[in-house]
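Chain by chain, the residues run as shown.
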Amino acid sequence: MNDSKALWHSLLDGPDSARLLGDIMEHVARGLSDMVGQAVCNDPPQVKTVHFTQVSACVCTPEAETVGVYLELEHGLRGWAVLLLPLDLALRVAEQVTGAQPNSVTRLGLEERSALAEVGNLTLSYFLNAVAELTGRPDVLLPSPPAVVVDMMAAILDLVITPAAAFRDELTVIEMLFRDSASSVQACFWVLPDL
Amino acid sequence: MPKILLVDDSSFIRSHYSKLLTEHGYDVSLAQDGTQAVECYRLERPDLVLMDIVMPHMSGLDALNAIRRLDPQARVIILTAMDQKAVTGQALAMGAQDLIIKPILPSQLLAKIEKLLRRVEVPPCPRS
Numbered sequence: 001m002n003d004s005k006a007l008w009h010s011l012l013d014g015p016d017s018a019r020l021l022g023d024i025m026e027h028v029a030r031g032l033s034d035m036v037g038q039a040v041c042n043d044p045p046q047v048k049t050v051h052f053t054q055v056s057a058c059v060c061t062p063e064a065e066t067v068g069v070y071l072e073l074e075h076g077l078r079g080w081a082v083l084l085l086p087l088d089l090a091l092r093v094a095e096q097v098t099g100a101q102p103n104s105v106t107r108l109g110l111e112e113r114s115a116l117a118e119v120g121n122l123t124l125s126y127f128l129n130a131v132a133e134l135t136g137r138p139d140v141l142l143p144s145p146p147a148v149v150v151d152m153m154a155a156i157l158d159l160v161i162t163p164a165a166a167f168r169d170e171l172t173v174i175e176m177l178f179r180d181s182a183s184s185v186q187a188c189f190w191v192l193p194d195l
Numbered sequence: 196m197p198k199i200l201l202v203d204d205s206s207f208i209r210s211h212y213s214k215l216l217t218e219h220g221y222d223v224s225l226a227q228d229g230t231q232a233v234e235c236y237r238l239e240r241p242d243l244v245l246m247d248i249v250m251p252h253m254s255g256l257d258a259l260n261a262i263r264r265l266d267p268q269a270r271v272i273i274l275t276a277m278d279q280k281a282v283t284g285q286a287l288a289m290g291a292q293d294l295i296i297k298p299i300l301p302s303q304l305l306a307k308i309e310k311l312l313r314r315v316e317v318p319p320c321p322r323s
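Chains as they are written, first to last, in my numbering: chain A, 1 to 195; chain B, 196 to 323.
Among these hints, one or two may not hold up.
Said to hold, decoys possible - Below 20 Å or equal to it, Euclidean Cα-Cα: the simulated EDC-like pairs (lysine to aspartate or glutamate) are:
hint	chain 1	residue 1	chain 2	residue 2
1	B	Lys280	A	Asp3
2	A	Lys5	A	Glu175
3	B	Lys307	B	Glu218
4	B	Lys280	A	Asp139
5	B	Lys310	B	Asp257
6	B	Lys198	B	Asp293
7	B	Lys310	B	Asp242
8	B	Lys214	A	Glu95
9	B	Lys198	B	Glu309
10	B	Lys280	A	Glu74
11	B	Lys280	A	Asp23
12	B	Lys280	A	Glu133
13	B	Lys214	A	Glu111
No wet-lab data here; the hints were simulated from the structure.
Kindly generate the complete structure, drawing on both the sequences and the hints.
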């Protein structure tokens with residue numbers, strides 16, 4: 001078993017994995033709160049094993065128009081990640097990050113897409129930083145540059161699982177849900193370990 | 196007017212922070228990856244470089260290395276979301292003078308730039 005797989009198994013199957021994933025999630029939520037300038041709440045992270053044909057059934061709104069920021073974990077820890085934001089929430093987050101007036105952003109231009117890519121990049125970076133800190137990992141854990149996709153949520157998930165499903169039927173998904181403290185709108189962050 | 200080279204693959208970061216720096220009196224050049232950064236440094240010799248790490252084609256650490264070979268006195272501040280000892284330690288060991296962990300706070304960015312540009316290189320004492 002290589003180092004990446006061993007680290008994933010310690011995170012997912014180790015005796016302390018629930019607490020460890022919870023702590024990692026806290027780091028990510030704190031980082032997101034700093035980035036968007038307001039409190040971000042999180043539900044406890046869930047680890048799911050799903051058949052690749054059933055991935056869309058994991059989300060409650062597969063047809064919702066969604067912004068996905070897709071990244072790969074390509075150094076030290078292998079896998080894939082996607083930050084999923086309902087379009088309305090993505091517009092509000094883009095406003096906050098770019099410093100635009102509230103409700104002034106009604107479509108995603110280049111500037112807004114790039115700002116959302118940075119949000120996805122920071123989200124995965126917070127995840128990797130927390131893994132490095134909490135596991136005492138001595139080597140570097142790096143993400144790839146991000147890519148932004150706007151489509152139905154199910155279509156984005158199909159895109160994300162394509163490389164992960166190339167050699168396996170079942171996928172492990174670490175799911176983290178974020179809520180604005182004043183809203184029920186959720187952002188979803190999925191990490192798919194390369195096991 | 197001090198010249199700053201801002202290197203980041205994010206067009207949002209480039210446009211957002213070049214505007215901030217210009218408003219504060221800096222002359223800003225932009226590069227979107229390490230390869231462009233090295234070429235730009237060679238041609239323009241900026242007073243300071245702000246360098247992202249994770250970029251396509253050539254990473255910020257590789258670009259830092261190349262720039263320090265061109266100019267051992269180059270002043271470089273690393274901008275990164277990778278708050279890992281292995282990353283930050285490597286960047287400092289390779290000659291970066293300072294680090295800013297993203298998200299970038301404008302006040303912190305401006306303070307670090309000002310501090311680094313003010314730093315006076317003390318010439319070695321002549322031996323008697």
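Fill in: 20 Å Cα cutoff - pair Lys214 (chain B), Glu95 (chain A)
Holds: Lys214 (chain B) and Glu95 (chain A) sit about 17 Å apart, inside 20 Å.
Discussion item. Checking one constraint from the list: CA of Lys280 (chain B) to CA of Asp3 (chain A), max 20 Å. Satisfied?
Written reply: Holds: Lys280 (chain B) and Asp3 (chain A) sit about 19 Å apart, inside 20 Å.
Practice prompt. Verify the proposed pairing of Lys307 (chain B) with Glu218 (chain B), using a straight-line Cα cut of 20 Å.
Written response: holds, 16 Å
Worksheet item: Between Lys280 (chain B) and Asp23 (chain A), is the straight-line Cα distance small enough, at 20 Å or below?
Response: Satisfied, since the Cα-Cα distance of roughly 18 Å is no more than 20 Å.
Practice prompt. Take a quick look at whether Lys310 (chain B) and Asp242 (chain B) sit within 20 Å of each other, Cα to Cα.
Written response: Holds: Lys310 (chain B) and Asp242 (chain B) sit about 13 Å apart, inside 20 Å.
Discussion item. Check whether the Cα positions of Lys198 (chain B) and Glu309 (chain B) lie no farther apart than 20 Å.
Written reply: With a Cα-Cα distance of about 12 Å, the restraint between Lys198 (chain B) and Glu309 (chain B) holds, given a limit of 20 Å.
Fill in: Proposed proximity, Glu74 (chain A) with Lys280 (chain B) (alpha carbon, max 20 Å)
Judged against 20 Å, a Cα distance of about 18 Å means the pair holds.
Item to complete: Assess, step by step, whether the Cα of Lys280 (chain B) is no farther than 20 Å from the Cα of Asp139 (chain A), and give holds or violated.
Response: This hinted pair holds, its Cα atoms lying about 9 Å apart.
Worksheet item: Hey, Lys280 (chain B) versus Glu133 (chain A), does the alpha-carbon distance stay inside 20 Å?
Response: Roughly 8 Å between the alpha carbons, so the hint for Lys280 (chain B) and Glu133 (chain A) holds.
Worksheet item: Given the proposed pairing of Lys310 (chain B) with Asp257 (chain B), does the C-alpha separation stay at or below 20 Å?
Response: Violated, at about 25 Å.
Worksheet item: Does Lys214 (chain B) pair with Glu111 (chain A) here, judged by a C-alpha cut-off of 20 Å?
Response: holds, 13 Å
Worksheet item: Does the structure keep Lys198 (chain B) and Asp293 (chain B) at a Cα separation of 20 Å or less?
Response: holds, 17 Å
The earlier numbered hint that this structure contradicts is number 5, and it is the only one.
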